[in-house]
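**Student:** Build out the structure end to end from the sequences listed, making use of the hints.
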Amino acid sequence: MAIGLEKYEAVIGLEVHAQLLTRSKLFCGCSTAFGAPPNGNVCPVCMGMPGVLPVLNRQAVELAVRAGIAAHSEIAPHSIFDRKSYFYPDLPKGYQISQYETPVCKGGYVELPAKDGEEPKRIRLVRIHLEEDAGKNIHEADGSLVDFNRSGVPLVEIVSEPDIRSADEAGAYLRALHAILRYADISDARMEEGSMRCDVNVSVRPRGTEKLGVKSEIKNLNSFRFVEKAIEFEVSRQIEILEAGGKIAQETHLWDPVREETRPMRSKEFAHDYRYFPEPDLPPLRIPPDLVEAVKSTMPEMPAERRARYVRDYTLSPYEADVLVAEREVADYFEAALPGLKNRKAAANWVMTEVLRAIRESAKPLAEAAPKPAETGSLLRMVEAQKISLNAAKTAFAAMCKSGKGAEATVAELGLAQVSDEAAIAEVCDKVIAAHPKELAEYRGGRDKLFGFFVGQAMKAMGGKANPKVINELLKKKLAG
Amino acid sequence: MAEKKISLEQVRHVARLARLEMSADDEARLQADMSSILAYVEKLNELDTTDVPPTAQVGEAGTPIRDDAVTNHPAPEEMLANAPARQGGFFKVPRIIE
Chain A
1 MAIGLEKYEA VIGLEVHAQL LTRSKLFCGC STAFGAPPNG NVCPVCMGMP
51 GVLPVLNRQA VELAVRAGIA AHSEIAPHSI FDRKSYFYPD LPKGYQISQY
101 ETPVCKGGYV ELPAKDGEEP KRIRLVRIHL EEDAGKNIHE ADGSLVDFNR
151 SGVPLVEIVS EPDIRSADEA GAYLRALHAI LRYADISDAR MEEGSMRCDV
201 NVSVRPRGTE KLGVKSEIKN LNSFRFVEKA IEFEVSRQIE ILEAGGKIAQ
251 ETHLWDPVRE ETRPMRSKEF AHDYRYFPEP DLPPLRIPPD LVEAVKSTMP
301 EMPAERRARY VRDYTLSPYE ADVLVAEREV ADYFEAALPG LKNRKAAANW
351 VMTEVLRAIR ESAKPLAEAA PKPAETGSLL RMVEAQKISL NAAKTAFAAM
401 CKSGKGAEAT VAELGLAQVS DEAAIAEVCD KVIAAHPKEL AEYRGGRDKL
451 FGFFVGQAMK AMGGKANPKV INELLKKKLA G
Chain B
1 MAEKKISLEQ VRHVARLARL EMSADDEARL QADMSSILAY VEKLNELDTT
51 DVPPTAQVGE AGTPIRDDAV TNHPAPEEML ANAPARQGGF FKVPRIIE
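Residue numbers (the working numbering), protein chains in the order written: chain A, 1 to 481; chain B, 1 to 98.
By construction, these hints were calculated from the structure, which means they are not laboratory data. Certain hints may be false.
[As the list claims (entries may be wrong)] Some chain A residues near chain B, calculated using beta-carbon distances under 8 Å:
(1) Gly51
(2) Val52
(3) Asn57
[Stated by the list, open to error] Derived coverage of chain B by chain A (criterion: at least 3 residues anywhere in the stretch with Cβ under 8 Å from a Cβ of chain A; other residues may be distant):
(4) 32–45
(5) 61–72
Heads up, the beta-carbon is just placed ideally off N, CA and C, and yes, glycines get one too.
**Tutor:** Below, the structure written as structure tokens:
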């Protein structure tokens, strides 16, 4: 806990921009594909040429509605677009088409995963609105270069209430939002690629008081970790100022990931006088109730529901459920491996350790990093049926990840099948006992610990493939004499 | 004309937001013009609109909407044709500080 947190409380609100999964831009038929040459995906509309008119993209509207449904927001049957005016070289029209007083979605909340033993916390939302992205600037020594490929790319801006109280909670909120956006196919929400971006509003106030302190805004945050670090830094900075008797200036800060600190932006460009007014080029957006119902009927199970189901039906801990649910592909994989398995917890553990390790070590997406879920299920069924040991299953799994072969074939090929044949095991146990008369005498004289020694010897003699349960039972009988 | 509805400060503020540089004469003239425009529009306040919902737009049928399809074909040269300055496929502008 940072110094001062026993005395002060942080009050944090997040503004998240997510790029909607559309093929074309919000108001024109230009492609949104990533990686085109500079100004290769632009036209007179997204370049702000005189006389052009915007025409709204249906898919963008439906995805914004999806976001609203996923976040339990109220979908406005009637909303309008507004012009947000400011000058910046990446904004060709001199205004951004956004929404101000009448967003597509009002209110709502995002549920954070429960900490073990606690109720899940809800972070309330103010709004979710549609807007267009700006272009991109690249700064060079003798000037700045502008690429308008991103200009007009559809975004939703998701604005939270200042309900967040710590850097950790901000991270949890972002991860929960990320999961929602990906589950519902709204956005691929990759922070490092800019398809999910986050601005943070931070203030502090003495604990026990209600009045909000002066806030600062932090920009330039492109990973969950940077968001957490920037908040920690900013909260400490503000507390230090207040403790020294100073005042917080309302200003915008940039996060410097190299020096790990925030610093005020030099330009005074953002006097925040955007002069919003209704966009005269776009009549109001009507969202009929049957559209909302149609979108609702296509919503998948959302992360919070899935977490609750895993805890309730599979008796997983909230932590385990959270790890599995964080990425939809991982949770889908887990469920696809389950048929025919009795021990769901073991399957959950397997996915959390072996499957996630395979993804991490190969740095590939799940579908390429791990065997098909049915094959993993088949491998785990062999463990349950005691056909192979857990260790053998790990060996087989590692091989399957590389070869792409099935579970049965891999176990056979590597000779990993467990020997449960009592006669064969009994023979080995007899040999081991006969070869160690000294240990046998000591064991019978009361050195119980030597039991493990005999098990180890028998297992070694059988190349690790013997069913440990059978070895244990037979040795117990035989050693007793 | 009666009292000015717009102060000189407001004129300067709007000019700054619009990146316009103005002489003292311009400022005075615009103050008068903008004030008289506001006075003219203020006529509407004589109507009682208590029960009238705000209308930002006509076109009650709602905005036209298009399918999500890529219909434009890249023509970067055409798009860059009128650029005052360029570097490769980029527009070039005076260096932006932050």
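**Student:** For each hint, tell me whether it holds in the structure or not.
**Tutor:** Okay, the hints, checked on the actual structure:
Annotation: Gly51/A was flagged as interfacial toward chain B, and the flag is violated, the nearest CB pair being 14 Å apart, outside 8 Å. Interface restraint check: Val52/A against chain B, minimum CB-CB distance 12 Å, threshold 8 Å, status violated. Against a cut-off of 8 Å between C-beta atoms, the interface hint on Asn57/A holds, since the closest Cβ of chain B lies about 5 Å away. For the segment 32–45 of chain B, the stated coverage by chain A is violated: 0 residues have a C-beta nearer than 8 Å to a C-beta of that chain, whereas at least 3 were required.
With a cut-off of 8 Å between beta carbons, the segment 61–72 of chain B has 12 residues touching chain A; three or more are needed, and the interface restraint holds.
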